[in-house]
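Given only the sequences and the hints, what does the whole structure look like? Please build it.
Residue numbers (our numbering), protein chains in the order written: chain F, 1 to 114; chain B, 1 to 108.
It is worth saying that the hints were derived from the structure and are not from the lab.
Honestly, I wouldn't trust all of these hints.
As the list claims (entries may be wrong) - Chain B stretches covered by chain F per the calculated footprint, using a threshold of three residues with CB under 8 Å from any CB of chain F:
id: 1; region: 38-50
id: 2; region: 98-108
Stated by the list, open to error - Covered stretches of chain F (in silico footprint by chain B; criterion: 3 or more residues with CB under 8 Å from a CB of chain B, positions within the stretch not fixed):
id: 3; region: 29-41
id: 4; region: 46-57
id: 5; region: 105-111
Cβ coordinates follow ideal geometry from the N, Cα and C atoms, glycine included.
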Amino acid sequence: DAGVIQSPRHEVTEMGQEVTLRCKPISGHNSLFWYRQTMMRGLELLIYFNNNVPIDDSGMPEDRFSAKMPNASFSTLKIQPSEPRDSAVYFCASRGTGGNTEAFFGQGTRLTVV
Amino acid sequence: GQSLEQPSEVTAVEGAIVQINCTYQTSGFYGLSWYQQHDGGAPTFLSYNALDGLEETGRFSSFLSRSDSYGYLLLQELQMKDSASYFCAVDQGGKLIFGQGTELSVKP
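In structure tokens, the structure reads:
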């Protein structure tokens, strides 16, 4: 398996534009996480899916953020409209079942909103 | 609510031993994980403790005391390549919550 795949790796956009981040989890994993990482706030959990269903979205900062997981092999995180304070590295991670404790992270998307 | 506390930075010399502590307050606890992240990279898994005690994996060991809501990561025979950020993470039964991370600098 190629691991968790995120795209794009880098995104620069203007304030007010819509941004869509994409994630392909490891095949067979049933849990998917979206995290945001900044120097000030560390690694924050935004949303957590289990079997494609959003279980906890309490970390989603505001209504401008939305996430979907239409099937087991794809998830998106959308920001509309984007703001400069959204600039961060966004990580997607997936995890298996049956006592499998390791979460595998993608390489992240570095988002810059100017 | 939930919180995880770990030191923001630690410095040590090559060949030394360093311990990174983590205390947590959380509703629902299944285990404590440790992850390593090099600059510009993704976090990678090091260890997981579900039960009290010490887990050893090569130069790295991790300890958990559930009654004290406390754990630590022990790194032995430090190498320059161990310079990285180290995160503890609480498993709340599927959901993973990370601490702020400890930046470890290994000096020659």
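Now the hints, each set against the structure:
1. With 7 residues having a Cβ less than 8 Å from any Cβ of chain F, the region 38-50 of chain B passes the three-residue criterion, so the hint holds.
2. Coverage of the region 98-108 of chain B by chain F holds. Counting CB-CB distances below 8 Å, 4 residues qualify, and the rule asks for three or more.
3. For the region 29-41 of chain F, the proposed coverage by chain B is satisfied: 3 residues have a C-beta within less than 8 Å of a C-beta in that chain, meeting the threshold of three.
4. Check result for the region 46-57 of chain F against chain B: holds, 4 residues qualifying (beta carbon to beta carbon below 8 Å, three or more required).
5. Remark: the region 105-111 of chain F is confirmed as covered by chain B, as 4 of its residues place a Cβ nearer than 8 Å to a Cβ of that chain, reaching the required three.
Comparing the model with each numbered hint stated earlier shows that all of them hold.
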